[in-house]
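**Q** Taking the hints into account, I'd like the entire structure generated from these sequences.
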Amino acid sequence: MSHLTRRQFLNRSALAAVTVSGPWLAPSRVLGANDEIRIAVIGCGVRGAGSHVPEFSRIKGVKVVAVCDPDRTRADGTAKGIKAKYGNECDAVYDVRKLMERKDLDVISVATMQYWHALPTIWACQTGRHVYVEKPLSHFIWEGRQMVNAARKYNRIVQVGTQNRSNRGYEDLGKWLKEGGLGKIQYVTCCANKPRKSIGKRSEPLPIPETLDYELWCGPARKEPIFRDRIQYDCSFTWNMGDGESCNQGVHEIDIARWILGYKTLPRRTMSIGGRFVFNDAGDVPNTQILFYDYADVPILYEIHNLPRDKSCMTPQKWNTLPDIRGMRTGVCVQCEGGYTLGTTAYDKDGKKIKSFSRGENHFQNFINAVRSGKREELNADVEEGHLSTIITHAGNVSYRLGKPASAAEQRKQIGETPCMVEMHERLMKYLKGIEVDPDTAILGPWLECDVKKECFKGDAKANEIAKGWYRSPFTLDEVKV
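Numbering (the working numbering), first residue to last: 2 to 483.
Calculated from the structure, these hints are not laboratory results.
Ideal Cβ positions, reconstructed from N, Cα and C, are used throughout, including at glycine.
Don't take each hint at face value.
Computed spacing ranges between beta-carbons, pair by pair [unchecked claim]:
1. Phe228 x Met430: 30 to 38 Å
2. Arg231 x Pro55: 19 to 27 Å
3. Tyr87 x Glu225: 32 to 40 Å
The list that follows gives simulated cross-link-like pairs (lysine-lysine, DSBU-like), each with its CA atoms no further than 30 Å apart [what the hints assert, rightly or not]:
4. Lys265 x Lys176
5. Lys469 x Lys195
6. Lys405 x Lys469
7. Lys405 x Lys179
8. Lys265 x Lys459
9. Lys455 x Lys405
10. Lys319 x Lys356
11. Lys176 x Lys454
12. Lys202 x Lys376
13. Lys469 x Lys99
14. Lys179 x Lys350
15. Lys179 x Lys454
16. Lys469 x Lys459
17. Lys454 x Lys198
18. Lys64 x Lys104
19. Lys454 x Lys469
20. Lys319 x Lys195
21. Lys176 x Lys455
22. Lys376 x Lys195
23. Lys356 x Lys176
24. Lys431 x Lys353
25. Lys265 x Lys455
26. Lys224 x Lys195
27. Lys319 x Lys185
28. Lys469 x Lys265
29. Lys434 x Lys455
30. Lys434 x Lys312
31. Lys463 x Lys482
32. Lys202 x Lys405
33. Lys431 x Lys202
34. Lys376 x Lys455
35. Lys185 x Lys350
36. Lys185 x Lys463
37. Lys265 x Lys185
38. Lys405 x Lys431
39. Lys434 x Lys198
40. Lys312 x Lys414
**A** Rendered as structure tokens:
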């Protein structure tokens, strides 16, 4: 949504009862060094109520004065909890558009699912507020760039919740590796092995609680009946509202890899192999996946496993027994000529620890410091950094969504002869056999050539359609021109 007048906003609203008072574009108030920063948190789930509220409330000179959620029970409960624990009044708001009317807010903190990240972030920038927005930044490649454009156009401080960016040890590690600490970097392997159980598959749609405004909760996503067992978080395992583990968790690891390597664009090309195995449920994102990000200098590989290590571990007692890479279930491994790294620790070829790096600060405090100074260069995770890491994960998923079942031989042929890619595919084939899944049923996505300047795909209309995304009226998103 670019420059949006009050009249345009009201015309697009599906809720006649919602009005916006005053100009939609409003200047932000100037903050002095000792002025109180007033924050509204959007999304009262685990991240909003459980992380954003307490993290901001602990910072001196910061007060959470409003929370917003289309589920009245969540919003009311969070507001009452703030009053009880921190002693300040906090308003419960149910419609994010209504929240934008207020003139007493300095910061909007977005802790919704990612399909509801772009609109409130852009609206907040347009109305003069700074923004802290959870990862992954976006639901589609195109909308992420609009969020960056909004931050720049309206000169707003926008930080993304990729909190590893506040562990500056990764920055020090990257510098050490570039100086030849372990010799030439050969490739980077990221992994996200997190246990995820079935989200269920109902024969009849799940009843919507009376306390939830389902129209508003769906927002820009398709308004569909729910056939999973839970409404809230499990929507992340559907393409309509989520982006799978490779984006949900994967953006953290991709962000670290990109930071270490200094990459600032999409890869030259990308592809994915995987599937949603074992379960016959309402989810449609893969629970086992490998992704190839083919950069000219150092390739980045990604492995996703939401299922146990092998068939014998598929019991309630052993479900959390997952595959690992050198003992690491989730993280980043940089393979070099003279050794490797796990996290911020370097090892030689024999696995002997050589050096560790650690230099951290609080991610939320870093954001508040930048809000007070007005200097976005002080941010540890500026919106553009979050955007670049997020769209890499999206690109791999676009390949997966365009794929079809292919034999192991066909998969192997498409991969080519890059040794690290071949080895990762061999690990996948062995893993699938171990959980008694036919490797020939895996989804093989095409190699997608990336236009790194335009942030789209070369010569593939279907891929670009997915990258552009869709928005249900009236929750539409227009281009933001800087």
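**Q** Hint by hint, note whether the structure agrees.
**A** Consistency of the hints with the structure:
no.	hint	result
1	Phe228 x Met430: 30 to 38 Å	holds (32 Å)
2	Arg231 x Pro55: 19 to 27 Å	holds (24 Å)
3	Tyr87 x Glu225: 32 to 40 Å	holds (38 Å)
4	Lys265 x Lys176	holds (16 Å)
5	Lys469 x Lys195	holds (29 Å)
6	Lys405 x Lys469	holds (21 Å)
7	Lys405 x Lys179	violated (39 Å)
8	Lys265 x Lys459	holds (18 Å)
9	Lys455 x Lys405	holds (27 Å)
10	Lys319 x Lys356	violated (34 Å)
11	Lys176 x Lys454	holds (26 Å)
12	Lys202 x Lys376	violated (49 Å)
13	Lys469 x Lys99	holds (27 Å)
14	Lys179 x Lys350	holds (18 Å)
15	Lys179 x Lys454	holds (25 Å)
16	Lys469 x Lys459	holds (14 Å)
17	Lys454 x Lys198	violated (39 Å)
18	Lys64 x Lys104	holds (15 Å)
19	Lys454 x Lys469	holds (15 Å)
20	Lys319 x Lys195	holds (13 Å)
21	Lys176 x Lys455	holds (29 Å)
22	Lys376 x Lys195	violated (37 Å)
23	Lys356 x Lys176	holds (13 Å)
24	Lys431 x Lys353	holds (28 Å)
25	Lys265 x Lys455	holds (13 Å)
26	Lys224 x Lys195	holds (29 Å)
27	Lys319 x Lys185	violated (39 Å)
28	Lys469 x Lys265	holds (20 Å)
29	Lys434 x Lys455	violated (40 Å)
30	Lys434 x Lys312	holds (9 Å)
31	Lys463 x Lys482	holds (25 Å)
32	Lys202 x Lys405	holds (23 Å)
33	Lys431 x Lys202	holds (29 Å)
34	Lys376 x Lys455	holds (27 Å)
35	Lys185 x Lys350	holds (13 Å)
36	Lys185 x Lys463	violated (38 Å)
37	Lys265 x Lys185	holds (20 Å)
38	Lys405 x Lys431	holds (20 Å)
39	Lys434 x Lys198	holds (20 Å)
40	Lys312 x Lys414	holds (28 Å)
Comparing the model with each earlier hint shows violations of hints 7, 10, 12, 17, 22, 27, 29, 36; every other hint is respected.
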